[in-house]
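Chemist: As a plain string of letters, each chain reads:
Number of protein chains: 2
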Amino acid sequence: MIKPEVFLEFLEGRRSIRSYQDKSLSEKEIEMILEAGRLTPSASNRQPWEFIVIKNKEILLKLTKCLHYGKFMKEAPVAIGIVAKIKTSPKWYLIDTSLVSMNMMLMAWSLGIGTCWIGAMNREKAKEIIGLGDNDYLLTVLPFGYIKGDIPEPTARKSLEKIVKYIE
Amino acid sequence: MIKPEVFLEFLEGRRSIRSYQDKSLSEKEIEMILEAGRLTPSASNRQPWEFIVIKNKEILLKLTKCLHYGKFMKEAPVAIGIVAKIKTSPKWYLIDTSLVSMNMMLMAWSLGIGTCWIGAMNREKAKEIIGLGDNDYLLTVLPFGYIKGDIPEPTARKSLEKIVKYIE
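Chains as they are written, first to last, in this note's numbering: chain R, 1 to 168; chain E, 169 to 336.
Since the hints were derived computationally from the structure, they do not count as laboratory data. Everything numeric in this text was worked out from a predicted model, so none of it was measured. Glycine residues also receive a C-beta, built at the ideal position from the N, C-alpha and C atoms. It cannot be assumed that every hint is accurate.
Claimed, not checked - With a straight-line Cα cutoff of 16 Å, these simulated EDC-like cross-link-like pairs (lysine to aspartate or glutamate) come out:
hint, chain 1, residue 1, chain 2, residue 2
1, R, 62, E, 304
2, R, 158, E, 199
3, E, 196, R, 5
4, R, 165, E, 177
5, E, 196, R, 9
6, R, 165, E, 304
7, R, 162, E, 329
8, E, 326, R, 35
9, R, 165, E, 195
10, R, 162, E, 199
11, E, 333, R, 35
12, R, 3, E, 177
13, E, 223, R, 31
14, E, 326, R, 31
15, E, 333, R, 136
16, E, 242, R, 168
17, R, 57, E, 304
18, E, 171, R, 5
19, E, 196, R, 22
20, R, 158, E, 203
21, R, 28, E, 329
22, E, 230, R, 168
23, R, 28, E, 173
24, E, 333, R, 128
25, R, 55, E, 336
26, E, 225, R, 35
27, R, 165, E, 199
28, R, 57, R, 31
29, R, 162, E, 177
30, E, 330, R, 9
31, E, 171, R, 29
To be verified - Chain E is nowhere near these chain R residues, computed Cβ spacing over 10 Å in every case:
hint, residue
32, 19
33, 21
34, 32
35, 50
36, 55
37, 65
38, 67
39, 71
40, 72
The shape of chain R in the complex, shown without the other chains (with noise of 0.2 Å):
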């Protein structure tokens, strides 16, 4: 188990990452994100996803070229395409993928590899490239790499007066 306290000084610490070292992952840490990935809930068990692993730096190249904010992919060493496999969770696809996202994210800080959410892109480009289907619908590549340079400064955050009401 882990302490609460850890776990919050854990996700305090977390920060997105847009600049990666030219440095491999290793076998067994991509296997750790994919694995934090597969055992994520899902309604109904569904399990409506797929991961593409991408290595290949032409490819990477390629998709990098399709993004609107995240030219910083083609740094990483490795990309992972999170897929979400419409017919099979018609109604959930996209937030168990999102579920699916932050596992994968928080996986990666804890073996000390930066990632950063990816949304906006040309999806139809992008799927096109990585040889997905009508049926599969691209919520994120997440790039993975050791960080380079200084970790960021926190970034502002609301208040959590702001932000929760209470029905008591």
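Got chain R sorted already, so can you dock chain E onto it with the hints?
Modeler: Same frame as chain R, but now just chain E:
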């Protein structure tokens, strides 16, 4: 920091819990769950969310009646509604708040507190009960409580071989 092996074991051990003890959560515990949500990353750091902490038994019972499969919620000493603010992040509100729900569920697990993602409900009615407006999407209501009875067996998961593809 958390060792990656420890974190993976933590994810492996997590279960959805549908039976709760009749015992309140402390303010500190509830705050830690809220904090885990607050610290979640979001698109452009917009934090398009609001958390409704529901302890009122009458409201909780009314809400439970809106659920299709979550009748166990009425047993919980507290539930947290995760509300997405649609206009704050029209494209990403669903994903960002889904990430919040994962972090809250994990935080609860580290506290020894059980929860279960609840999605299928009469949303309009539920929104009315907790006083939400047009700009609010009620993603989920997560019941939280100390685990009653045995921890459930793991649910079956697809193997990595089945859900992973490589582009090398």
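Chemist: Hint by hint, say whether it matches the structure.
Modeler: Hints, one by one, checked against the model:
Among the hinted pairs, residue 62 of chain R with residue 304 of chain E is inconsistent with the structure: their alpha-carbon atoms are about 37 Å apart, more than 16 Å. Distance hint between residue 158 of chain R and residue 199 of chain E is fulfilled; the C-alpha atoms sit about 14 Å from each other, no more than 16 Å. Restraint check for residue 196 of chain E and residue 5 of chain R: the C-alpha separation of about 11 Å stays at or below 16 Å, so the hint holds. Between residue 165 of chain R and residue 177 of chain E, the direct Cα distance comes to roughly 34 Å. Violation of the 16 Å bound is thereby established for this hinted pair.
This hinted pair checks out: residue 196 of chain E and residue 9 of chain R have alpha carbons roughly 15 Å apart, not beyond 16 Å. Our distance criterion of 16 Å between C-alpha atoms is met by residue 165 of chain R and residue 304 of chain E, whose separation comes to about 14 Å. Using a Cα cut-off of 16 Å, the hinted pair residue 162 of chain R and residue 329 of chain E is violated, with the two alpha carbons roughly 45 Å apart. Distance restraint check for residue 326 of chain E and residue 35 of chain R: the Cα-Cα separation of roughly 11 Å lies within the 16 Å cut-off, and the hinted pair is therefore satisfied.
The hinted pair formed by residue 165 of chain R and residue 195 of chain E meets the criterion: a straight-line CA distance of about 14 Å does not exceed 16 Å. Annotation: proposed proximity of residue 162 of chain R to residue 199 of chain E holds, straight-line Cα distance about 14 Å (limit 16 Å). Distance hint between residue 333 of chain E and residue 35 of chain R is fulfilled; the C-alpha atoms sit about 14 Å from each other, no more than 16 Å. Simply put, residue 3 of chain R and residue 177 of chain E have alpha-carbon atoms about 13 Å apart, close enough for the 16 Å limit, and the pair holds.
For the proposed pair residue 223 of chain E and residue 31 of chain R, the alpha carbon gap of about 41 Å is over 16 Å, so the pair is violated. For the hint pairing residue 326 of chain E with residue 31 of chain R, the CA-to-CA distance comes to about 14 Å; that is within 16 Å, so the pair holds. The straight-line distance between the Cα atoms of residue 333 of chain E and residue 136 of chain R is roughly 14 Å, inside the 16 Å bound, and the hint therefore holds. Taking the CA atoms of residue 242 of chain E and residue 168 of chain R, the gap is about 15 Å. The hint holds against a cut of 16 Å.
With a CA separation close to 42 Å, the supplied pair residue 57 of chain R and residue 304 of chain E exceeds the 16 Å bound. Distance hint between residue 171 of chain E and residue 5 of chain R is fulfilled; the C-alpha atoms sit about 15 Å from each other, no more than 16 Å. With a C-alpha separation of about 42 Å, the suggested pair residue 196 of chain E and residue 22 of chain R falls outside the 16 Å cut-off, and the hint is violated. Among the hinted pairs, residue 158 of chain R with residue 203 of chain E is consistent with the structure: their alpha-carbon atoms are about 11 Å apart, no more than 16 Å.
At most 16 Å may separate the alpha-carbon atoms for a hinted pair to count; residue 28 of chain R and residue 329 of chain E meet this at roughly 15 Å. The hinted pair formed by residue 230 of chain E and residue 168 of chain R meets the criterion: a straight-line CA distance of about 14 Å does not exceed 16 Å. The suggested pairing of residue 28 of chain R with residue 173 of chain E holds, with an alpha-carbon distance near 11 Å, which does not exceed 16 Å. A threshold of 16 Å between alpha carbons decides the hint, and for residue 333 of chain E with residue 128 of chain R the separation of about 15 Å falls inside it, so the pair holds.
A C-alpha spacing of about 5 Å is found between residue 55 of chain R and residue 336 of chain E, which places the hinted pair at or below 16 Å, so the restraint holds. A threshold of 16 Å between alpha carbons decides the hint, and for residue 225 of chain E with residue 35 of chain R the separation of about 38 Å lies outside it, so the pair is violated. As the CA atoms of residue 165 of chain R and residue 199 of chain E are separated by approximately 12 Å, the hinted pair is consistent with the 16 Å bound. Using a Cα cut-off of 16 Å, the hinted pair residue 57 of chain R and residue 31 of chain R is violated, with the two alpha carbons roughly 19 Å apart.
Between residue 162 of chain R and residue 177 of chain E, the direct Cα distance comes to roughly 35 Å. Violation of the 16 Å bound is thereby established for this hinted pair. Between the alpha carbons of residue 330 of chain E and residue 9 of chain R the distance comes to roughly 35 Å, so the proposed pair goes past 16 Å and is violated. Distance hint between residue 171 of chain E and residue 29 of chain R is fulfilled; the C-alpha atoms sit about 12 Å from each other, no more than 16 Å. Consistency note on residue 19 of chain R: stated as away from chain E, and its beta-carbon is indeed over 10 Å from all of that chain's, at 16 Å minimum.
Every beta carbon of chain E lies more than 10 Å from that of residue 21 of chain R, the smallest distance being close to 18 Å; the non-interface claim holds. Listed as a non-interface residue, residue 32 of chain R fails to keep its Cβ farther than 10 Å from every Cβ of chain E; the least gap is roughly 6 Å. A beta-carbon of chain E comes within 10 Å of the beta-carbon of residue 50 of chain R; the shortest separation is about 5 Å. The claim that residue 55 of chain R is not at the interface with chain E is violated, since a C-beta of that chain comes within 10 Å of its own (minimum 5 Å).
Residue 65 of chain R, annotated as away from the interface, keeps every beta carbon of chain E farther than 10 Å; the closest lies near 16 Å. The claim that residue 67 of chain R lies off the interface holds: its Cβ sits roughly 13 Å from the closest Cβ of chain E, which is beyond the 10 Å cut-off. At the 10 Å boundary, the C-beta of residue 71 of chain R stays outside the reach of chain E, the nearest C-beta of that chain being 16 Å off. Every CB of chain E is more than 10 Å from the CB of residue 72 of chain R (nearest about 15 Å), matching its label as outside the interface.
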